[in-house]
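Engineer: Chain by chain, the residues run as shown.
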Amino acid sequence: MASVELRQVTKSYDGKATVIHGIDLQISHGEMAVFVGPSGCGKSTLLRMIAGLEDISSGDVLIDGQRVNDVHPRNRDIAMVFQDYALYPHKSLYDNMAFGLRLRKTPEAEIRSRVMDAARLLRIDHMLERRPASLSGGQRQRVAIGRAIVRQPKVFLFDEPLSNLDAQLRAEMRTEIKKLHQRLGATIIYVTHDQVEAMTLADRIAVLRAGHKVQYATPQQIYNTPAAVFVAAFTGSPPMNLVPCRIEGGQALLGDAAVPLPPALVHRAGAATTHTFGIRPEAIGLGELPGIALPARVVITEPLGAETLVTFQVGDAELVARCNAQFQHPPGTALTVRLAPEAIHLFDRASGQAL
Amino acid sequence: MHHPARWQKILAWGVAGLVSFVCLYPYYWMLVSAFRTSKAILASPLRPWPETLSLDVLREIAMVGGTPLWRYALNSLVITGASTVLGVLVTALGAYALVRRPHFWAFRLLRAGFMVTIMYPYMLLVIPVYIVMFKLGLLGSYSGIVLFLALGPIQFFLLEQFFQTIPKSIIEAAVIDGANEAQILFSVVMPMAMPVVATAAIITFLLNWAQWLPVMVVSRSPDTYTLPVALMNLNGELGVNFQGIMALSVLITIPVTLFFLIAQRRVMSGMTAGAVKG
Amino acid sequence: MAVAALQTPRAPAIGVFWLFVLPFAALTAVFGVWPIVLSIQTSFTLSSSALKPSPTWVGFANYLAIFADPVFVASLWRTLLYTFLAVTSTIVLALLYALLLNSALVGRGRTFFKLAVFLPVVTPDIAGYVVWRWLFDQSFGAINIALAELHLPTFGGLASTSTVLQAVLVAELWHHLGFYVVIFLANLALCDKGQMEAADIDGATALQKFWHVVLPQLRPALLVNSVYALIQYLKTFTVVAVMTKGGPNDSTNFLSYYAYQLFDQGRYGEATAMATVLFAIVIVLAVGLMHMQARGKLT
Numbered sequence: 014m015a016s017v018e019l020r021q022v023t024k025s026y027d028g029k030a031t032v033i034h035g036i037d038l039q040i041s042h043g044e045m046a047v048f049v050g051p052s053g054c055g056k057s058t059l060l061r062m063i064a065g066l067e068d069i070s071s072g073d074v075l076i077d078g079q080r081v082n083d084v085h086p087r088n089r090d091i092a093m094v095f096q097d098y099a100l101y102p103h104k105s106l107y108d109n110m111a112f113g114l115r116l117r118k119t120p121e122a123e124i125r126s127r128v129m130d131a132a133r134l135l136r137i138d139h140m141l142e143r144r145p146a147s148l149s150g151g152q153r154q155r156v157a158i159g160r161a162i163v164r165q166p167k168v169f170l171f172d173e174p175l176s177n178l179d180a181q182l183r184a185e186m187r188t189e190i191k192k193l194h195q196r197l198g199a200t201i202i203y204v205t206h207d208q209v210e211a212m213t214l215a216d217r218i219a220v221l222r223a224g225h226k227v228q229y230a231t232p233q234q235i236y237n238t239p240a241a242v243f244v245a246a247f248t249g250s251p252p253m254n255l256v257p258c259r260i261e262g263g264q265a266l267l268g269d270a271a272v273p274l275p276p277a278l279v280h281r282a283g284a285a286t287t288h289t290f291g292i293r294p295e296a297i298g299l300g301e302l303p304g305i306a307l308p309a310r311v312v313i314t315e316p317l318g319a320e321t322l323v324t325f326q327v328g329d330a331e332l333v334a335r336c337n338a339q340f341q342h343p344p345g346t347a348l349t350v351r352l353a354p355e356a357i358h359l360f361d362r363a364s365g366q367a368l
Numbered sequence: 284m285h286h287p288a289r290w291q292k293i294l295a296w297g298v299a300g301l302v303s304f305v306c307l308y309p310y311y312w313m314l315v316s317a318f319r320t321s322k323a324i325l326a327s328p329l330r331p332w333p334e335t336l337s338l339d340v341l342r343e344i345a346m347v348g349g350t351p352l353w354r355y356a357l358n359s360l361v362i363t364g365a366s367t368v369l370g371v372l373v374t375a376l377g378a379y380a381l382v383r384r385p386h387f388w389a390f391r392l393l394r395a396g397f398m399v400t401i402m403y404p405y406m407l408l409v410i411p412v413y414i415v416m417f418k419l420g421l422l423g424s425y426s427g428i429v430l431f432l433a434l435g436p437i438q439f440f441l442l443e444q445f446f447q448t449i450p451k452s453i454i455e456a457a458v459i460d461g462a463n464e465a466q467i468l469f470s471v472v473m474p475m476a477m478p479v480v481a482t483a484a485i486i487t488f489l490l491n492w493a494q495w496l497p498v499m500v501v502s503r504s505p506d507t508y509t510l511p512v513a514l515m516n517l518n519g520e521l522g523v524n525f526q527g528i529m530a531l532s533v534l535i536t537i538p539v540t541l542f543f544l545i546a547q548r549r550v551m552s553g554m555t556a557g558a559v560k561g
Numbered sequence: 067m068a069v070a071a072l073q074t075p076r077a078p079a080i081g082v083f084w085l086f087v088l089p090f091a092a093l094t095a096v097f098g099v100w101p102i103v104l105s106i107q108t109s110f111t112l113s114s115s116a117l118k119p120s121p122t123w124v125g126f127a128n129y130l131a132i133f134a135d136p137v138f139v140a141s142l143w144r145t146l147l148y149t150f151l152a153v154t155s156t157i158v159l160a161l162l163y164a165l166l167l168n169s170a171l172v173g174r175g176r177t178f179f180k181l182a183v184f185l186p187v188v189t190p191d192i193a194g195y196v197v198w199r200w201l202f203d204q205s206f207g208a209i210n211i212a213l214a215e216l217h218l219p220t221f222g223g224l225a226s227t228s229t230v231l232q233a234v235l236v237a238e239l240w241h242h243l244g245f246y247v248v249i250f251l252a253n254l255a256l257c258d259k260g261q262m263e264a265a266d267i268d269g270a271t272a273l274q275k276f277w278h279v280v281l282p283q284l285r286p287a288l289l290v291n292s293v294y295a296l297i298q299y300l301k302t303f304t305v306v307a308v309m310t311k312g313g314p315n316d317s318t319n320f321l322s323y324y325a326y327q328l329f330d331q332g333r334y335g336e337a338t339a340m341a342t343v344l345f346a347i348v349i350v351l352a353v354g355l356m357h358m359q360a361r362g363k364l365t
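Taken in sequence, the protein lines are chains A, B and C.
Each position in the first sequence, counted from 1, maps to that position plus 13 in our numbering.
Each position in the second sequence, counted from 1, maps to that position plus 283 in our numbering.
Each position in the third sequence, counted from 1, maps to that position plus 66 in our numbering.
One or more hints might be untrue.
Claimed, not checked - Label pairs and their computed distance ranges (CB to CB):
id : chain 1 : residue 1 : chain 2 : residue 2 : range
1  : C       : 80        : B       : 356       : 56 to 66 Å
2  : C       : 177       : A       : 188       : 27 to 37 Å
3  : A       : 180       : B       : 537       : 57 to 67 Å
4  : C       : 80        : A       : 51        : 28 to 38 Å
5  : A       : 225       : B       : 465       : 35 to 45 Å
6  : B       : 465       : A       : 78        : 51 to 61 Å
Unchecked claim - On the chain B side, residues computed to face chain C include the following (Cβ under 10 Å):
id : residue
7  : 292
8  : 308
9  : 353
10 : 368
11 : 370
12 : 374
13 : 383
14 : 384
15 : 390
16 : 413
17 : 500
18 : 529
19 : 535
20 : 536
21 : 540
Claimed, not checked - As a list, the in silico DSBU-like pairs of lysine-lysine whose alpha-carbon atoms are at most 30 Å apart:
id : chain 1 : residue 1 : chain 2 : residue 2
22 : C       : 118       : B       : 418
23 : A       : 118       : B       : 451
24 : B       : 292       : A       : 191
25 : B       : 451       : A       : 29
26 : B       : 451       : A       : 167
27 : B       : 292       : C       : 275
28 : A       : 104       : A       : 167
29 : C       : 311       : B       : 322
Keep in mind that the hints were calculated from the coordinates and are not lab data.
Backbone N, C-alpha and C fix where the C-beta goes; we use that ideal spot for every residue, glycine too.
One chain only, chain A, in its complex shape:
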């Protein structure tokens, strides 16, 4: 297992359009790093640059401390799992997994043991003579993973491997991949646009946007201390409430509702008077919970069974709150809501950066 380091990695086409802007990243030995972001943010491109399938315009990619910019993919000791599985259609599953090893002149006995081990791990050992066409999507993906495992690479690269699967299968495979990671202790770089996959699988998440790294931190850090509005909006379901506010006299004003702010936050807010106010739905509560009390009016309620999402009108903002399933108050009811002060985020209006 190896570490992967990116130093000011940049990619531009024909010297004109830049898709990756000087990204720095350090992925530790045995860590599962997830690159996440919307379509076009460059996460796949970055992964492919690490694999060697895309050129690096400037900057360095190091695997295990060695600069690999000019090293051919086959010599980087990496294995990749593709979104469309990329299995060789005319080879049996066994041959699909054995192909890479055979090319490296690995002895057949060794190949056999590695393939059978991986197949057993992925529960496909009973169908190794079959061809990919006769398999389901989930099975094919497991073969693709098996192909990567037998190579025993320094780094595993996963390029949106679950995107082509249906929702239920995706959830199952997610768990399997997590177990695999624990079992193998491998260094994995995983690309996805799905924030649930990112949160559940990652040791650390790299949130990318338009070719820039916005934040690289553990899932908890990403969730609790997002570095930017973009990150805050990306995680959580329902996402964080983000509304414009005015800062006056140490308070955040949402219309006529005043939210007292901790002095440190006020200090960082600086001279600007308008910002983005953020608070997660689960940090808003009712009744006797401690927190900043504010008058509110119920707008809509969305019962989910285990809980109910309630949209409140607080000042001039609509905030979504997670309430328990017993919430009965109809729209229009006036209530007092409580905001947990430690869960209040402020973001710069212009840059989106957290304050």
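With chain A's structure known, arrange chains B and C on it following the hints.
Structural biologist: For chains B and C alone, kept in the frame of chain A given last:
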């Protein structure tokens, strides 16, 4: 659901039936006439069944223009076979390379050159090709004819289109697995391409079998003529032997017809692949 | 991001691809491009010297000569006219027949009808044309005999200058139609069924459905195939060589055939000049049509 009226169905079948009749009648007439003497053909051309079913006519056409019939048949087989094998291999390799590196300037140029060649009136290409063969000293040789017949637009488009449908990720997976380009081609791509290559081969064979002008022009003597050329000569001879002409036509047509009927779906979809816009 | 569409492959090393492409490039160059260049070159030389190591240059003399030749000029017009007729009738008839075969009216017979109309495409055209020649024969041809039996006026066929073009067209349609029918069938199969159903619900008649739903989707295919047919028919040669030898009275003496005759007579310079003219016409028409489509002027 739209249920068509009975009369509409009858009309449709009638029209299609008529068209099919017009398409197939010439073959029928050809076959029947091959068994009838020229006199009989002239006397009652519409007769649907031959008077006798003897194969005597084969003796009559055993020699055409001084060369035995079996020689023409052999030439047809050899020339068509060789140009098919050569053509499909060369085109497959070429199309693959062009599809894998489409932006390379030299490849773009090559493809453009090929397109231009297709647009040139094929029959008239034999005029300069005659000169080229002359300069290369290939006139009258089998190789010359085979080389000229090797390339064709349909095979190229068919193969090019197929290679374009191979997902890039499979190639990339092979690259990461450690395969070099030759290994990718032979271990991964070619097995996938087998059905299409077979289709291209069948189509090339069908088309090349019918070639006559290039064969005639490049040949120096009837020794290298193929069956269609024999037919042209027989057709042009004075003292026309209708039965002979028809018999020879049947001989030229039957192998190819059988071939087509066996592989018809493949042939039809393959031949039109390049022109179907999806 | 628009940039994502600019993907170019990783610094492509050409490496072994040179090797793969070499035979193809060699054949194309030696038996495709070189002959064309040679042909154009020869058109500027004196016919009797064309095969010599250093031919005599005569500039545009050959071109002037052929345009001064009434047979050539007539042939040129005739070729263009015939091509126009052939292409339009082929495309229109093929489309109509494809629509018929595609409809529910024909159902299970579809495979047979497809095979029947495609068979003439794959069988050697020579054999077919030989038969057609006899079918059209004035006294002994099956067509006229049949017409006489039905008490209908006989068809002038290949003997009369007023009917020979039609006869030749019939024979060529017999040979080529199936190709386009199958192409259009394939394109029709790709048509968006959802749109058809929506049109049905909107109450469209069959004609309206064709005009507003099917035709727009077929436009690219119609164009590509028209160009293909254009290139094919401008080359009309074999049918003339077998059935009419250019006659009667040069009425089917198309450019390809006339040029070949000159070649046969050793008049290489003029033959290649004619070939070059024909080639230029093909290029101009084909490229012109494609260009107009790309610019959206046709669709």
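Engineer: Now tell me if each hint is right for this structure.
Structural biologist: Structure-based check of all given hints:
no. : hint                      : verdict
1   : 80/C / 356/B: 56 to 66 Å  : violated, 44 Å
2   : 177/C / 188/A: 27 to 37 Å : violated, 50 Å
3   : 180/A / 537/B: 57 to 67 Å : holds, 58 Å
4   : 80/C / 51/A: 28 to 38 Å   : holds, 36 Å
5   : 225/A / 465/B: 35 to 45 Å : holds, 40 Å
6   : 465/B / 78/A: 51 to 61 Å  : violated, 33 Å
7   : 292                       : holds, 5 Å
8   : 308                       : holds, 8 Å
9   : 353                       : violated, 18 Å
10  : 368                       : violated, 12 Å
11  : 370                       : holds, 8 Å
12  : 374                       : holds, 6 Å
13  : 383                       : holds, 6 Å
14  : 384                       : holds, 5 Å
15  : 390                       : holds, 7 Å
16  : 413                       : holds, 8 Å
17  : 500                       : holds, 9 Å
18  : 529                       : holds, 7 Å
19  : 535                       : holds, 5 Å
20  : 536                       : holds, 5 Å
21  : 540                       : holds, 6 Å
22  : 118/C / 418/B             : holds, 10 Å
23  : 118/A / 451/B             : holds, 25 Å
24  : 292/B / 191/A             : violated, 62 Å
25  : 451/B / 29/A              : holds, 25 Å
26  : 451/B / 167/A             : holds, 24 Å
27  : 292/B / 275/C             : holds, 19 Å
28  : 104/A / 167/A             : holds, 26 Å
29  : 311/C / 322/B             : holds, 25 Å
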